[in-house]
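> Keeping the supplied structure of chain A fixed, place chains B and C upon it in accordance with the hints.
Protein sequences appear in the order of chains A, B and C.
Here the first sequence stands for residues 1 to 133, where the numbers follow this note's numbering.
Here the second sequence stands for residues 1 to 434, where the numbers follow this note's numbering.
Here the third sequence stands for residues 1 to 487, where the numbers follow this note's numbering.
Fair warning: there could be bad hints in the mix.
Said to hold, decoys possible - Derived lysine-lysine pairs resembling DSSO-like cross-links, with alpha carbons at most 30 Å apart:
#, chain 1, residue 1, chain 2, residue 2
1, C, Lys393, A, Lys63
2, A, Lys55, A, Lys11
3, C, Lys398, C, Lys451
4, B, Lys14, C, Lys436
5, B, Lys45, C, Lys436
6, B, Lys288, C, Lys393
7, C, Lys436, C, Lys451
8, B, Lys45, C, Lys309
9, A, Lys63, B, Lys288
10, C, Lys480, C, Lys398
Unchecked claim - Distance windows between CB atoms, simulated:
#, chain 1, residue 1, chain 2, residue 2, range
11, C, Arg162, B, Arg404, 34 to 42 Å
12, B, Gly362, C, Arg57, 48 to 56 Å
13, B, Pro39, C, Ala312, 27 to 35 Å
14, C, His238, B, Ala34, 18 to 26 Å
15, A, Glu75, C, Ser156, 42 to 50 Å
16, B, Pro39, C, Asp440, 33 to 41 Å
17, B, Asp26, C, Asp444, 23 to 31 Å
18, A, Pro49, C, Ser156, 37 to 45 Å
19, C, Thr456, A, Asp33, 21 to 29 Å
Claimed, not checked - Which residues of chain C face chain B? A few of them, derived with a C-beta cut under 7 Å, are:
#, residue
20, Leu11
21, Gly22
22, Leu28
23, Glu32
24, Leu47
25, Tyr83
26, Leu148
27, Gly172
28, Gly281
29, Gly324
30, Gly347
31, Glu356
32, Val359
33, Leu360
34, Pro464
Hints listed in this document are in silico derivations from the structure and should not be mistaken for laboratory results.
These figures come from a predicted structure and were not determined experimentally.
All C-beta atoms, glycine included, are put in the ideal place defined by N, C-alpha and C.
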Amino acid sequence: MNIPTELRYTKEHEWIRAEGDIGTIGITDYAQDQLGDIVYLDLPAVGAPLTQNDKLGEIESVKAVSDLYAPVSGEVLEVNTEAVDQPEAVNEEPYGKGWLIRVRLSDASELDAMLTNEAYDELIVREMEEHSD
Amino acid sequence: MAHPYIPLTQEDRKELLGSVGVTSVDELFAEIPAEHRDPVFDLPKALSEPELLSYLEELASRSTAGLPSFLGAGAYAHFIPSTVDAIISRGEYLTAYTPYQPEISQGTLQTTFEFQSLVCELTGMDIANAGMYDGASAMAEACLMACSVTGRERIVLLDTIHRNITETVRTYAGGRDIEVVLVPPSHASLTDTDACLAVQQPNFFGYIEDLGALSRAAHEAGALFVVSQDPVSLGLYKPPSAFDADIVVADGQPLGVPLSFGGPYVGLFACRAEYARQMPGRIVGRTKDLEGRTGYVLTLQTREQHIRRERATSNICTSTQLVALAFTIALSTLGKQGLRRMAELCYHKAHYAAGQIAALDGYELASNDEFFQEFVVRCPVSPADVNDALLGCGMIGGFDVSDRVERGLLLCFSELHTREQIDDLVKALGEIRG
Amino acid sequence: MADRDDFGATLTFDLSRPGRVGCTLPPLDVPEAPLPSGDLLRDDITLPELSQPDVVRYFTQLSQRNFSIDTGFYPLGSCSMKYNPRINEVAARLSGLADVHPMQSDETAQGALALMHGLQRLLAEITGMHDVSLAPDAGAHGELAGILIASAYHNSNGGPRRRVLVPDSAHGTNPATAAMAGFQVESIPSDTDGNLDFEALRAALDSNGDSVAALMLTLPSTLGLFEPRITQIADLLHDHGALLYGDGANMNAMLGRVKPGDLGFDVFHLNLHKTFSTPHGGGGPGAGPIAVTAALAPFLPAPHVRQDKSSARFSLETPEHSIGRLGLFHGNFGVLVRAYAYILSLGAEGLRGISEAAVLNANYVLTRLRDAYRLPYDRRCMHEVVISGSRQKANGVKTLDIAKRLIDYGFHPPTIYFPLIVDEAMMIEPTESETKETLDAFCDAMLVIAKEAEATPDLVREAPARAPLRRLDEATAARKPVLRWTR
Chain A
1 MNIPTELRYT KEHEWIRAEG DIGTIGITDY AQDQLGDIVY LDLPAVGAPL TQNDKLGEIE
61 SVKAVSDLYA PVSGEVLEVN TEAVDQPEAV NEEPYGKGWL IRVRLSDASE LDAMLTNEAY
121 DELIVREMEE HSD
Chain B
1 MAHPYIPLTQ EDRKELLGSV GVTSVDELFA EIPAEHRDPV FDLPKALSEP ELLSYLEELA
61 SRSTAGLPSF LGAGAYAHFI PSTVDAIISR GEYLTAYTPY QPEISQGTLQ TTFEFQSLVC
121 ELTGMDIANA GMYDGASAMA EACLMACSVT GRERIVLLDT IHRNITETVR TYAGGRDIEV
181 VLVPPSHASL TDTDACLAVQ QPNFFGYIED LGALSRAAHE AGALFVVSQD PVSLGLYKPP
241 SAFDADIVVA DGQPLGVPLS FGGPYVGLFA CRAEYARQMP GRIVGRTKDL EGRTGYVLTL
301 QTREQHIRRE RATSNICTST QLVALAFTIA LSTLGKQGLR RMAELCYHKA HYAAGQIAAL
361 DGYELASNDE FFQEFVVRCP VSPADVNDAL LGCGMIGGFD VSDRVERGLL LCFSELHTRE
421 QIDDLVKALG EIRG
Chain C
1 MADRDDFGAT LTFDLSRPGR VGCTLPPLDV PEAPLPSGDL LRDDITLPEL SQPDVVRYFT
61 QLSQRNFSID TGFYPLGSCS MKYNPRINEV AARLSGLADV HPMQSDETAQ GALALMHGLQ
121 RLLAEITGMH DVSLAPDAGA HGELAGILIA SAYHNSNGGP RRRVLVPDSA HGTNPATAAM
181 AGFQVESIPS DTDGNLDFEA LRAALDSNGD SVAALMLTLP STLGLFEPRI TQIADLLHDH
241 GALLYGDGAN MNAMLGRVKP GDLGFDVFHL NLHKTFSTPH GGGGPGAGPI AVTAALAPFL
301 PAPHVRQDKS SARFSLETPE HSIGRLGLFH GNFGVLVRAY AYILSLGAEG LRGISEAAVL
361 NANYVLTRLR DAYRLPYDRR CMHEVVISGS RQKANGVKTL DIAKRLIDYG FHPPTIYFPL
421 IVDEAMMIEP TESETKETLD AFCDAMLVIA KEAEATPDLV REAPARAPLR RLDEATAARK
481 PVLRWTR
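If we strip away everything but chain A, and leave its shape as in the complex, we get (with noise of 0.2 Å):
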């Protein structure tokens, strides 16, 4: 499961990379293989407001549905239309050419509380022995 070093994620599996006060957001490798083939994303507008760790979309697949979650505050500044239109991108490159939503981020501290990519992958792989009782 690739898990890059240089982004930050929570335990909902969004990752975000931050260039000052910018951030991408999207959702990690592992979160994408769990989901299966995404068919539909829905993320907010351009401009609206982000509280950390509050809902701000929705990501499908053919047979599950789940929640995305704010990992910074701050306001959106671009969302990834071409994703939207073929969300396939987000199982082809979930770090790449899959990034959901741009962000400015009001409180770059917020940052800090956020998983490194070694928290990261301890967590993942709890959940998986959890999963394969």
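Frame of chain A, contents of chains B and C only:
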């Protein structure tokens, strides 16, 4: 004792018990609290097939059926093509369930896709679902959907809608503090807190509503325009899409479905494409299999209860698929020409009857409004007495609407009525004096 | 006719040729009236134009692409895919039942009303409840009625309650229904034996306990297990003024053996299309009558059939505090006729024979499969058994693959991936309708597939090979929905 529905023999039973490792079937029920196990059941003793049939035949004979009838009021006797029962009786359709495994359910799936396509063509709308329980629950779900689309919590219904439909809407809205109001067509003005304006076409009394004006009233308030329309009338009248309807529902019973004392029928549900993800019920979509062959699957399932649970668009699961199939076969058999012909025959027979009855002493049409196949006449005596007299003449009269229209009787005509039957009705009515 | 290799590509609309007709209607024998004006009159409609043989052949060929109970074993869990007796079809088509208009006067519909009243009484006796409404058109419709009744009952007995509890093993209609009726839904976990976690239930009730309206419980559970503490659960709820709602999808396990009313249920819905043999029709019509206690009877939906004691005549009535109407008329009468005929053909002894055979058959399947598949709860089952494909999954063969492979062996797959709390779940309900030979053939196939999952996993992953179609692309269907025919 052996029963035809239970194939296990005593020998089988012994073998099965042995494999399972118990000495009697009772052990398998041991978790039921002992004090409640095996109570006395006060039930009639089993009937053999011939006994059962003669009992049911006797029961059936206690109702009046098969007489010329002029009852409509929400359920309509029309010609049902012989193809319908022949096909829906096939075990392959009759005894399948929800098509969870598309590879071996293409019969159900493809016919449902046909159904959705026919409903779209009939109503003029972009998309349709696989069907609801009936026209009333379809209307209720349409109104709730309008609430979720608009984020508003007030449903406005014209008071000319069938009362059984408006009451169903009230029941569905009841748990959620959604307000339901009835207004007359002349006072259909909405505000920006109203989710929808819902109308019935033709209305309960058989008359044609001004869909254009009502649609404008809804849309000026930012509300959705919801229309419930008789499917046979759509062979003759412009579809609700021509009046900018947002959601169209109907009871599909008039096409291919026997009266059957009120059910099972099928609710048609169609809407604009942009509302696809807010639609209740099952939806079938077209796709390909691994080898590139066309096939059909249940799709957009994340709206539904088995996935979204408490956040589903509706709780509906089992609906009335076989009745949707009956509708599909009936409409495919009638086809473009047959539906138009059926609608025109209904129209002409009703207008002939209206002219004849209006000419009778003591009778008058309750309205000069345009009508399709039903209309209200004011009788010289109470409609209940009129119906009694008609029953005495070997016919079932109309529906008594005297609680809404003074001495009003709602009469319905279709392609099945002969001129002779209509003339007999007129003659019988003429002999009733105030 | 349609392309045999790509049958799905050709619909009635494509077969259509201008001028063909499928039936004739009587000639116009009255003077023509002027048609509606141009702003109302429809100028064109796109509908198929087919001859009658076209129609019959197309829909017959399509029927052959369906699996059904009539063509094979259909062990779809919690759906009771039992034999649908043909006498019931004959009964429903009797003119005195099929041709009665729902708006006829009660006086001219006495036979139909007598049948409904008779069924109300039979179902009340079978469930051990006070009264029954036949108005709901399906199980989920019955749930809605039942939960609205619970809501109305609380509103008139101490004030509104806002929470409904639902076990984590519940069918999705339970939480969806509670939400539709305006309730907050709370999930109650199952314990390690597969029973409802009694302490979790107690905790939920103790926290603001007088706000719980009801617990919605399926009995036996969707795990096919009987809840041994059922009466304690009922007592606990009642102590907190809450009601016990019963989802009767699995009533086939209890017919003639136990009355839900005796166990403490306040409302209990039945699925006539499951337990009482009415055909599933590819997804309905069904019927979902609800049975209630005396305290809840005044809230039953309209209409309800009553019999006048002195005249013995039947009539439709609206109960005193009715939650209202659920649909256009009186419920799915044609389905009620079939269920009525079914009960009369069985009697008390026959009903008991149904549950006995259903439970014995399920335990036999459990016994035969328990070594090859993981059994998440190692105890005897009721009328259905839930097994897990988690062992096979470790080998790269998912439960979906096993299901598809069963198709190649001529069987309909069980319910899969449900209940949600069992990883790679397969829920097998054989029903009472099957012979030992069929059960053995099915179990043999399951055992062969378990071996194939180890030896030749690709064979399983690529199944089905012997169905009319291979696996379908559901992802594209959902991404770019095509929901209707277009020219």
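> Each of the hints needs a verdict: does it hold here or not?
Going down the list of hints, with the structure as the test:
no.	hint	in the structure
1	C:Lys393 with A:Lys63	18 Å, holds
2	A:Lys55 with A:Lys11	14 Å, holds
3	C:Lys398 with C:Lys451	14 Å, holds
4	B:Lys14 with C:Lys436	11 Å, holds
5	B:Lys45 with C:Lys436	28 Å, holds
6	B:Lys288 with C:Lys393	26 Å, holds
7	C:Lys436 with C:Lys451	23 Å, holds
8	B:Lys45 with C:Lys309	24 Å, holds
9	A:Lys63 with B:Lys288	18 Å, holds
10	C:Lys480 with C:Lys398	26 Å, holds
11	C:Arg162 with B:Arg404: 34 to 42 Å	38 Å, holds
12	B:Gly362 with C:Arg57: 48 to 56 Å	55 Å, holds
13	B:Pro39 with C:Ala312: 27 to 35 Å	28 Å, holds
14	C:His238 with B:Ala34: 18 to 26 Å	21 Å, holds
15	A:Glu75 with C:Ser156: 42 to 50 Å	49 Å, holds
16	B:Pro39 with C:Asp440: 33 to 41 Å	34 Å, holds
17	B:Asp26 with C:Asp444: 23 to 31 Å	29 Å, holds
18	A:Pro49 with C:Ser156: 37 to 45 Å	43 Å, holds
19	C:Thr456 with A:Asp33: 21 to 29 Å	25 Å, holds
20	Leu11	6 Å, holds
21	Gly22	4 Å, holds
22	Leu28	6 Å, holds
23	Glu32	6 Å, holds
24	Leu47	4 Å, holds
25	Tyr83	6 Å, holds
26	Leu148	6 Å, holds
27	Gly172	4 Å, holds
28	Gly281	3 Å, holds
29	Gly324	4 Å, holds
30	Gly347	3 Å, holds
31	Glu356	5 Å, holds
32	Val359	5 Å, holds
33	Leu360	5 Å, holds
34	Pro464	5 Å, holds
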